[in-house]
Amino acid sequence: MSTPTIASDVATRRAPALGGFNLTLLKLEVRRLTRNPRTIIIAVVAPVVFFLLFGLNRSYDTIKYGHGNLSAFVMVSVALYGAVLATTFGGAMVSMERSQGWSRQLRLTPLTPAAYIAIKVVTALVLGATSVAAVYIIGSLTHKASMSAGLWIATGFSVWVGSLLFAAFGLFMGYLLPAENVMQLIGLIVGLLSFAGGLFIPISQFALAVQDVLKWTPLYGLNQLVHTPLLGNGVDWTWVVNVLGWLIIFSAGAMWRFRKDTARV
Amino acid sequence: MTQTATFGTGRSADGMGPLAVELTGVHKSFGHVHAVDGVDLNLSSGEIVAILGPNGAGKTSTIDIILGLSQPDSGRVQVFGMHPRQAISRGLVSAVMQTGGLLRDLTVFETAEYTASLFARSQNPREVLRTAGIADIADRRVNKCSGGEQQRLRFALALLSNPDLLVLDEPTTGMDVEGRRGFWAAIRKDAENGRTVLFATHYLEEADAYADRIVLLRHGKVVADGTSSQIKAMTAGRIVRATLPGASEEALRTVPGADTVEVRGETVLVHSNDSDATARYLLTQTAAKDLEITARGIEDAFIALTGDDPEPATPTSPWMTR
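Read top to bottom, the protein sequences are chains F and C. Counting in the numbering used here, the first sequence runs without a single skipped number right up to 265 at its last residue. Counting in the numbering used here, the second sequence runs without a single skipped number right up to 587 at its last residue.
I should point out that these hints are in silico values taken from the structure, not numbers from a laboratory. A virtual CB, placed ideally from N, CA and C, is assigned to each residue, including glycine. Just so you know, not all the hints are guaranteed correct.
Unchecked claim - Facing chain C, from chain F, some residues (calculated, C-beta under 8 Å):
| hint | residue |
| --- | --- |
| 1 | Arg14 |
| 2 | Thr24 |
| 3 | Gly101 |
| 4 | Arg107 |
Stated by the list, open to error - Derived Cβ-Cβ restraints for the label pairs, each shown as a range:
| hint | chain 1 | residue 1 | chain 2 | residue 2 | range |
| --- | --- | --- | --- | --- | --- |
| 5 | F | Val122 | C | Glu457 | 36 to 46 Å |
| 6 | F | Phe157 | C | Ala385 | 27 to 37 Å |
| 7 | F | Met255 | C | Gln388 | 32 to 42 Å |
| 8 | C | Gly340 | F | Val240 | 50 to 60 Å |
| 9 | F | Gly232 | C | Gln388 | 52 to 62 Å |
| 10 | C | Gly413 | F | Phe157 | 43 to 53 Å |
| 11 | F | Ser99 | C | Ala385 | 25 to 35 Å |
| 12 | C | Gly296 | F | Ala133 | 48 to 58 Å |
| 13 | F | Ala133 | C | Asp477 | 51 to 61 Å |
| 14 | C | Arg405 | F | Glu180 | 20 to 30 Å |
The shape of chain F in the complex, shown without the other chains (with noise of 0.2 Å):
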């Protein structure tokens, strides 16, 4: 019996800082991805081979695009349509961890439910990372596309930056789809998405009624706003309202079911 002990324990105890959020949770969450096989092959191989089968065309190197050539152009969507997909998965992870029922025993802990979010969309920018990185590394070690270094850098960051928006997305659907066939379903929404978004195909292609609708799809806004630096066009309006207007869609989304799912009943 030792209750004064445990009444001077109690009174020091205190909650970790930051809500749990820690670096050994970051060093164990990005373990994790590379130890699945599938995260990386979505993430880092399939974008490497896509710029490899598309980036590359015979003349890509000398057709002018912009401040660089079309070859860099190609990369950049590339780049975006890997990064995207790897924080989708990242973020959608969670549907995985409730299923196993750990989201359930992380309430039994100090961290926060802020705190949580908070490692899975830093791990989910850390795959995205990732996957840029490894299609700019094939794209300067093919010598074909060609930019300013500035270029690369400001390209390559924007593409990261802007994959957060899919970070978001991806913890919704997380939170809404069950864990069985999240990924699968994922990957056909991105695919789908980046048709609309013009990542494969310039949607000059489709009528212009069509146009006026795929211009509001979640991939359009940022896939303008990416190629950016690159074209030297100018910023139009209507991407960066794009982007605002479903980063604010898939927060809320995200953050509605989470509050579902993690309600004290």
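Following the hints, position chain C against chain F.
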């Protein structure tokens, strides 16, 4: 059995520190089901307490409320004098739940490292794995671990913050006899340092063997609360049954040996801890006749206390009749 039998616990905080758990008038309903129906429960530091009851008695609902996983509809919940969530964030409370999961793609050690990093202060993960007897499988992936090994890992995770209160929901479900014994040996050893342990079980023997105090739940209500031997004495008592017109329950309660009493028309039932004294009194001091004394087994009594039948168990083995 409609009354609550309450005994002193023999321990008290005596104002020396906050109670480990303090539930006051806690209610919780799910639709039409009143899962927790006015539970009052105080746990002092260092007690090992069993919440005993059949499935659906409200054990898990009560534990969820203590852990802040669920909010009571009404009533007060305090854990070490604070809100359950605050107590958890300070590492004062840990739990091993039936539903808690583990990440399949981490190793045993990584899982412990992950959890340890969440606390402001935690024990060394390697040492805790040793305590839980799984140091030898530290580098094994969780998905390669057996059910028993995963349960030990959950136990290790619960010890990482060196909690002052450890809550276990049906901790030995699925363990064999040997595993169960080892598990409880570890828990008891651990509790010697003043840790409060609260566990839910539907095994009467488990509560009997390992708890200092047993809280019996039925239909979300505490129907008995006392030390293991007190509950045993109560459940091992006898029923004295007699015909006694015009008897009142108040008067019968003063009969020697009476624990609980019931009047059904002209028949009176006295649940007695001293059936000889009760019978002698009834036959000599009252107009009681047709007296019958029935013993009942612990299991019968347990079912009577916690089962669905609102009446006391029907005497099945009359072995003395006067």
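Against the structure, the hints:
1. Below 8 Å, beta-carbon pairs count as interface contacts, and Arg14(F) has one with chain C at about 5 Å; its hint therefore holds.
2. At a threshold of 8 Å, the smallest CB-CB gap from Thr24(F) to chain C is about 4 Å, leaving the interface hint in force.
3. Because the smallest distance between the Cβ of Gly101(F) and any Cβ of chain C comes to about 2 Å, under 8 Å, the interface hint for this residue holds.
4. The beta carbon of Arg107(F) comes within 6 Å of a beta carbon in chain C, closer than 8 Å, and the hint placing it at the interface holds.
5. Take Val122(F) and Glu457(C): their Cβ atoms lie about 42 Å apart, and the range 36 to 46 Å holds.
6. Remark: the range hint 27 to 37 Å for Phe157(F) to Ala385(C) is upheld by a beta-carbon distance near 35 Å.
7. The beta-carbon spacing between Met255(F) and Gln388(C), approximately 35 Å, falls within the hinted interval of 32 to 42 Å.
8. The hinted range of 50 to 60 Å is satisfied by Gly340(C) and Val240(F), whose Cβ atoms lie roughly 51 Å apart.
9. Checking the proposed 52 to 62 Å range against Gly232(F) and Gln388(C) shows it holds: the Cβ atoms sit about 58 Å from each other.
10. Between Gly413(C) and Phe157(F), the C-beta spacing of about 50 Å keeps the proposed range 43 to 53 Å intact.
11. For the pair Ser99(F) and Ala385(C), the beta carbons lie near 30 Å from each other, so the given range of 25 to 35 Å is met.
12. For Gly296(C) and Ala133(F), the hinted distance range of 48 to 58 Å is satisfied, since their beta carbons lie about 53 Å from each other.
13. A hinted range of 51 to 61 Å for the beta carbons of Ala133(F) and Asp477(C) is consistent with their spacing of about 60 Å.
14. The hint said 20 to 30 Å for the Cβ distance between Arg405(C) and Glu180(F), and at roughly 26 Å that hint holds.
No hint from the list above goes unmet by this structure.
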